[in-house]
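Number of protein chains: 2
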Amino acid sequence: MNDQEGLAIAIEEAKTSYKEGGVPIGAALVSRDGKLLGRGHNMRVQSGSAIHHGETSALYNSGRLPASAYKGATMFTTLSPCDMCTGACILYGIGRVVIGENKTFLGGEAYLKQRGVEVAVLENKECQDLMELFIKEKPEIWNEDIGEEERVYSKEAK
Amino acid sequence: MNDQEGLAIAIEEAKTSYKEGGVPIGAALVSRDGKLLGRGHNMRVQSGSAIHHGETSALYNSGRLPASAYKGATMFTTLSPCDMCTGACILYGIGRVVIGENKTFLGGEAYLKQRGVEVAVLENKECQDLMELFIKEKPEIWNEDIGEEERVYSKEAK
Numbered sequence: 001m002n003d004q005e006g007l008a009i010a011i012e013e014a015k016t017s018y019k020e021g022g023v024p025i026g027a028a029l030v031s032r033d034g035k036l037l038g039r040g041h042n043m044r045v046q047s048g049s050a051i052h053h054g055e056t057s058a059l060y061n062s063g064r065l066p067a068s069a070y071k072g073a074t075m076f077t078t079l080s081p082c083d084m085c086t087g088a089c090i091l092y093g094i095g096r097v098v099i100g101e102n103k104t105f106l107g108g109e110a111y112l113k114q115r116g117v118e119v120a121v122l123e124n125k126e127c128q129d130l131m132e133l134f135i136k137e138k139p140e141i142w143n144e145d146i147g148e149e150e151r152v153y154s155k156e157a158k
Numbered sequence: 001m002n003d004q005e006g007l008a009i010a011i012e013e014a015k016t017s018y019k020e021g022g023v024p025i026g027a028a029l030v031s032r033d034g035k036l037l038g039r040g041h042n043m044r045v046q047s048g049s050a051i052h053h054g055e056t057s058a059l060y061n062s063g064r065l066p067a068s069a070y071k072g073a074t075m076f077t078t079l080s081p082c083d084m085c086t087g088a089c090i091l092y093g094i095g096r097v098v099i100g101e102n103k104t105f106l107g108g109e110a111y112l113k114q115r116g117v118e119v120a121v122l123e124n125k126e127c128q129d130l131m132e133l134f135i136k137e138k139p140e141i142w143n144e145d146i147g148e149e150e151r152v153y154s155k156e157a158k
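Protein chains in written order, with the numbering used here: chain A, 1 to 158; chain B, 1 to 158.
Some clues are possibly wrong.
It does not matter which identical chain is used: a pair holds within one copy or between any two.
[To be verified] Below 27 Å or equal to it, Euclidean Cα-Cα: the simulated DSSO-like pairs (lysine-lysine) are:
#1 136 with 71
#2 71 with 138
#3 136 with 35
#4 113 with 138
#5 113 with 19
#6 19 with 71
#7 103 with 15
#8 125 with 103
#9 136 with 15
#10 15 with 138
I should point out that these hints are in silico values taken from the structure, not numbers from a laboratory. Given the structure is predicted, the values throughout are model-derived calculations rather than measurements.
Please work from the sequences and hints to get the whole structure.
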C-alpha cells in the first residue's frame, strides 16, 4: 500500500467521525508488509473517551499484538499527532508516521524524529479543510480534545 | 489527599488487575483541590486493549473533561510511565506525576521534566514487588505491554 492509499483509509475514518458528530481525525496502522492491522477515529464525542484519538483508536482496533507486529509499521493519520499519540507510536516502535496535514495543529513531529521515527507530511487539502470546518463549527470540543482552554482556532487566527 | 493516599488508590487498582490476571499497574488522577477524577488499571488482558495502561485508564475513567479540570492535577501511578502515558499526561497539562517505583521499568520521567511536569518517585516496595512477581510469572505479556521483543525481566537481569 502506498502513502496515498494508506492516508485514504485514515481520511475515510475521519469523515465517518465527522458524520457521527465527532472530531474528524482518523488513522490506519499498516504493517511492514502492507497489511492493514487496524483503523479508527477519534471517539471523544461518540464514546466519551479522552484517550481514543485517531491513532490510539487504530492501535486499539488492532488489538493485542506482539512487539514484532509493529516493527517497521506505518501509522497513517489525517492530522499531526498530539503528544499522547506521539508517545503511543514511540512505545510500540512504529517506524514511520505519515501525516495528512499539520497546518491546523502541529503535534509531536520533532520528538518523533528525535526518537528515530520517520515522519512524512503529505499536506493534504481534504484533511485540512475538514479540520478547519470542524474547528469553526465546534471549537469547544476541539479545545477539549487537545487539552487547551482558550486557544482560538480559525483561518484568520492561525 | 497526600502522596501516600493517592498512591494507595493506584496500588489498589494494580492489585485488582493482578487478581484479574492482568498487568498489575494502576493509576489515579486527582485534581488540584484533591478530588479523585478517575482511577483505573491496565486492561491489556482484561479487554484486549493496547492503549489502556494504568494512566490512560485513569484518564479514560475520568471521562470527558475541559482542559481546566486537568490543570494542576496529579497523576498517581504505580510504575514509571511509558512513552504513551507520558505523552497523555503532557497532552492534558497534568502538573505532577507521582510514581510508585521505577526499578522494574524506567519510562519517560526525563521527558516529563523537560516538558515542565513535576515528577516524584516514592520508591514503594509493594509496587516493585508486585511488578517483579508479574514479570517473573508472565514475561511475554509484560514484553507485549511495553512493545519489547526479547527483553528479559528478572531480578537477576536488572
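Under the constraints set out in the numbered hints, which ones does this structure not fulfil? 3, 4, 5, 6
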